[in-house]
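Take a look at the letters that make up each chain.
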Amino acid sequence: MDTNIQVSPGAMFTETALDRQKRRIENVVRIFLLVVTSLMIIPLLLIIGYLLYKALPVLSFEFLFTNPKDNMRAGGIWAPFLGTIYLVVVSLLVSAPIGVFAAVYLNEYARENWFTRITNLAVVNLAGVPSIVHALFGVGAFVLFAGLGESILAASLTLAIMTLPVIIASTTEALKAVPMSFREACWNLGATRWQTIRRIVIPNSISGILTGVILQVSRAAGETAPIMFTGAVFYKAIAEGDLFAYNITEQCMALSLHLFTISTQVPDVTEGIPYATAVMLVGSVLLINAVSIGLRVYLRTRKKW
Amino acid sequence: MENKIEISDLRVHYGDTPALNGISFDVHPNEILSIIGPAQSGKTTLLKVINRTLEFTQGAKVEGSVKLDGVDIQTIGDVYGLRRRIGMVLPLPVGLPLSIYDNVAFAPRTAGLRTKSELDEIVERCLQQAALWDEVKDRLDTLGTKLSGGQQQRLTIARALSHQPEVLCLDEFSIAIDPVTTMRIEEVLKSLQKEMTILLVTNLVQQAKRLANRTAFFLNGDLIEIDTTDVIFSDNPTNQATYDYINGSFG
Amino acid sequence: MNILRKKSATSVSFSETVIETLIRLCGVSSIIFVFGIFFFVFREGAGFLFNGLDLVEFLTSPEWYPTSLNNKRYGTLALILGTFSVTTLAMCIAVPFGLGAAIFISEFCSPKLRETFKIIIELLAAIPSVVWGFIGLTLMNQLIIAVFNAPIGLTMLNGGILLALMSVPIIVSIAEDALKAVPDSYREAAEALGATRWQVTYRVLLPAAKNGLLAAVLLGAARSIGETMAVLMATGHSVNIPSSPLSWIRTLTATIAAELGEVARGGEHYQVLFIIGILLFTITFVVNLIADLVIKGIRQQ
Numbered sequence: 001m002d003t004n005i006q007v008s009p010g011a012m013f014t015e016t017a018l019d020r021q022k023r024r025i026e027n028v029v030r031i032f033l034l035v036v037t038s039l040m041i042i043p044l045l046l047i048i049g050y051l052l053y054k055a056l057p058v059l060s061f062e063f064l065f066t067n068p069k070d071n072m073r074a075g076g077i078w079a080p081f082l083g084t085i086y087l088v089v090v091s092l093l094v095s096a097p098i099g100v101f102a103a104v105y106l107n108e109y110a111r112e113n114w115f116t117r118i119t120n121l122a123v124v125n126l127a128g129v130p131s132i133v134h135a136l137f138g139v140g141a142f143v144l145f146a147g148l149g150e151s152i153l154a155a156s157l158t159l160a161i162m163t164l165p166v167i168i169a170s171t172t173e174a175l176k177a178v179p180m181s182f183r184e185a186c187w188n189l190g191a192t193r194w195q196t197i198r199r200i201v202i203p204n205s206i207s208g209i210l211t212g213v214i215l216q217v218s219r220a221a222g223e224t225a226p227i228m229f230t231g232a233v234f235y236k237a238i239a240e241g242d243l244f245a246y247n248i249t250e251q252c253m254a255l256s257l258h259l260f261t262i263s264t265q266v267p268d269v270t271e272g273i274p275y276a277t278a279v280m281l282v283g284s285v286l287l288i289n290a291v292s293i294g295l296r297v298y299l300r301t302r303k304k305w
Numbered sequence: 001m002e003n004k005i006e007i008s009d010l011r012v013h014y015g016d017t018p019a020l021n022g023i024s025f026d027v028h029p030n031e032i033l034s035i036i037g038p039a040q041s042g043k044t045t046l047l048k049v050i051n052r053t054l055e056f057t058q059g060a061k062v063e064g065s066v067k068l069d070g071v072d073i074q075t076i077g078d079v080y081g082l083r084r085r086i087g088m089v090l091p092l093p094v095g096l097p098l099s100i101y102d103n104v105a106f107a108p109r110t111a112g113l114r115t116k117s118e119l120d121e122i123v124e125r126c127l128q129q130a131a132l133w134d135e136v137k138d139r140l141d142t143l144g145t146k147l148s149g150g151q152q153q154r155l156t157i158a159r160a161l162s163h164q165p166e167v168l169c170l171d172e173f174s175i176a177i178d179p180v181t182t183m184r185i186e187e188v189l190k191s192l193q194k195e196m197t198i199l200l201v202t203n204l205v206q207q208a209k210r211l212a213n214r215t216a217f218f219l220n221g222d223l224i225e226i227d228t229t230d231v232i233f234s235d236n237p238t239n240q241a242t243y244d245y246i247n248g249s250f251g
Numbered sequence: 001m002n003i004l005r006k007k008s009a010t011s012v013s014f015s016e017t018v019i020e021t022l023i024r025l026c027g028v029s030s031i032i033f034v035f036g037i038f039f040f041v042f043r044e045g046a047g048f049l050f051n052g053l054d055l056v057e058f059l060t061s062p063e064w065y066p067t068s069l070n071n072k073r074y075g076t077l078a079l080i081l082g083t084f085s086v087t088t089l090a091m092c093i094a095v096p097f098g099l100g101a102a103i104f105i106s107e108f109c110s111p112k113l114r115e116t117f118k119i120i121i122e123l124l125a126a127i128p129s130v131v132w133g134f135i136g137l138t139l140m141n142q143l144i145i146a147v148f149n150a151p152i153g154l155t156m157l158n159g160g161i162l163l164a165l166m167s168v169p170i171i172v173s174i175a176e177d178a179l180k181a182v183p184d185s186y187r188e189a190a191e192a193l194g195a196t197r198w199q200v201t202y203r204v205l206l207p208a209a210k211n212g213l214l215a216a217v218l219l220g221a222a223r224s225i226g227e228t229m230a231v232l233m234a235t236g237h238s239v240n241i242p243s244s245p246l247s248w249i250r251t252l253t254a255t256i257a258a259e260l261g262e263v264a265r266g267g268e269h270y271q272v273l274f275i276i277g278i279l280l281f282t283i284t285f286v287v288n289l290i291a292d293l294v295i296k297g298i299r300q301q
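Residue numbers (my numbering), protein chains in the order written: chain A, 1 to 305; chain B, 1 to 251; chain C, 1 to 301.
So that you can see chain A by itself, here it is in the shape it has in the complex:
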């Protein structure tokens, strides 16, 4: 950089004009970047605040536990809310084992070669496939080819494949955090690969694996496009308060699709209902995420090594 500066003895540590200028630029940059970064908080707060403000008159326990009424112009969100829970739980049951095992394979078994490279590339690409293309896939593969029809099962399978990369990525990260020396110690004791994984690797990465599973739940709960044509339906009345009101071979309502429907397709919806629906959706998703973040922070404080 500035190589030809003459430094007189004694002046070594006093600030030159150049230094002052450098410091000023540094501060300007720092503040500018801080502002840019902070600007991202604003939409988050604004959205939550705005939605809450508009939703408050409608939000109540009754809103959660009653079905939409009067051609969806009034009432609550029980049927779509329960539908979303069904979709999420079934998709989780499929994607969690596959995702965790896939990550175990990639991290514990796969050697570094072209095949592993392709597998990793497939994971990345699976994560990048647009949600509406997943919907088309769900229609082609599950609804038509597998003959599941438009059903909770078909929609959940579509969601499961879509969210698989979420679980794979976070599980891989969790497995990587277990020191290699633990594995070596087990191998030296005559443990097989699977014994090592089951007794040491998985018990010590379970918190990270859980974080990923929770993230999958949050992601699946918010998706709309993949379920639109595979199993979610605009309207379906179910028994209020009955947790087993849906059958997984039939269609269901879903919170995300319900929000889309009442905000774009249904005229004269009671003011506040779409906002309250949005609040419930964002609220659930953010709550699930907060649990995941909380779990991560908490478990970091009590590591076993």
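The hints are simulated quantities; they were obtained by calculation from the structure and are not laboratory data.
Computed from a prediction, not measured in an experiment: that's the story for all the values here.
Heads up, the beta-carbon is just placed ideally off N, CA and C, and yes, glycines get one too.
Just to be clear, a hint being listed does not mean it is correct.
[Claimed, not checked] With the C-beta cut set under 7 Å, the calculated list includes, among others, these residues of chain C facing chain A: (1) E16; (2) C26; (3) S30; (4) I120; (5) L137; (6) Q142; (7) A146; (8) V147; (9) G226; (10) L280; (11) T284.
[Unchecked claim] Cut-off 25 Å, straight-line C-alpha distance, at most; resulting in silico cross-link-like pairs (DSS-like, lysine-lysine): (12) C:K180 - C:K112; (13) A:K303 - B:K146; (14) C:K72 - A:K176.
Take the given structure of chain A and dock chains B and C to it, following the hints.
Showing chains B and C alone in chain A's frame:
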């Protein structure tokens, strides 16, 4: 007297990089054989060949033969059983994130031993052999990872003894622990010699001198010299490099 | 003599072979699914793609009249331009913010503040796209009407801002990874020469991390191209060659979402929607592939 281990013309490459260039020697039963030499001379690789954990290292290729009790280890079908016949202690202490009890009971359990009384007995005996029992007997359910470095290294040794190995390999076990603990473990090793063969890789030449019946000197993947410790540490070992290394001229 | 010696090789193995097979199967499942997606989407659209569809018209004509009785036209040019214009607009907003935030979080930030920002960005990424669409429909719509005195606020600008907010989290996290991957020795060496943080960042880190930053932008763009609900709800839903940020547009994704529910299964229109799906799959696949190669490129250096 039959040899415990016979190594003949053992060659190992990592990809294109050679690690061992055709070494041959025998290990006698119930001796302490120390292996000395500077870094990168293939000592650790040798141990990994003996318990076949080198198979986990990608790109490593092994030629030549290693015989344990006259049987080529490459032909042993039950590799896990083979690893249980060999105890391995690595340079850095590794307490598994399990309780102290479970650390020591790990290998017997993976081998299929379930009886509580037998496990109790193994745990106590091994911890005693490793000179750790008195310090931990009242808190066997604390995490192995919470022990001090020296205690963890003794836990590692106890664990290595838990599957009643015929050969105990130690790879620079004193690297991360204090001199007092080192001396205690050295006492342990001397007493264990009655029951098993001990391979001691060490970078402390004095440690080799104190403990070993015989000493082998490795340099850049070659076995330069193997002889009784007295000869190796005398003023005139066969090879000048051995003399230079022991007397601190290099390494 | 020793119980620990008795266990033979066979007893370890059976249940373990089963579980290892299962693990390997799950491991390659991603490959199967990616091919499966392509196969099944292709399968539904293949009939019309090879027999009847004029590919040149499909890609170059702006006339999208799939439901017309006597003048059916399947030209997607307006939709393609819709997708690319709104994505470009979104990137113009998201890239400076995303990279700026990534630089701040990675280089200028205390660890505590860094954690806070990362959590906020994570939460931002978690907001479902249908909720973004709803925000576009309500809040953003009113804002745009008020600010630009436009008749309707559901425009390319609206969708662009939403897509920007949705892709910023991806850009930040990947760009931050790229900056973190630059060895600390680079920073220390430059700082030892008396460079300030900003000089270090500008002259050393950004050039060293440029591939990762490029990948971040590409993946952010891929996210925007593939996004469906937000653009469906917020961009006006009208097939138009876009002329300004206040144009009403329609994207490839929104078209599928809006029309698939209303077409007869197996018909021409239905098949064309699947062909659009193949087009989308191909675009995002290529973008992701390039991003991956760009990232791998850094690792090999």
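Structure-based check of each hint:
{"no.": "1", "hint": "E16", "result": "holds (5 Å)"}
{"no.": "2", "hint": "C26", "result": "holds (3 Å)"}
{"no.": "3", "hint": "S30", "result": "holds (4 Å)"}
{"no.": "4", "hint": "I120", "result": "holds (5 Å)"}
{"no.": "5", "hint": "L137", "result": "holds (6 Å)"}
{"no.": "6", "hint": "Q142", "result": "violated (10 Å)"}
{"no.": "7", "hint": "A146", "result": "violated (15 Å)"}
{"no.": "8", "hint": "V147", "result": "violated (15 Å)"}
{"no.": "9", "hint": "G226", "result": "holds (3 Å)"}
{"no.": "10", "hint": "L280", "result": "holds (5 Å)"}
{"no.": "11", "hint": "T284", "result": "holds (5 Å)"}
{"no.": "12", "hint": "C:K180 - C:K112", "result": "holds (17 Å)"}
{"no.": "13", "hint": "A:K303 - B:K146", "result": "holds (11 Å)"}
{"no.": "14", "hint": "C:K72 - A:K176", "result": "violated (55 Å)"}
Comparing the model with each numbered hint stated earlier shows that hints 6, 7, 8 and 14 do not hold.
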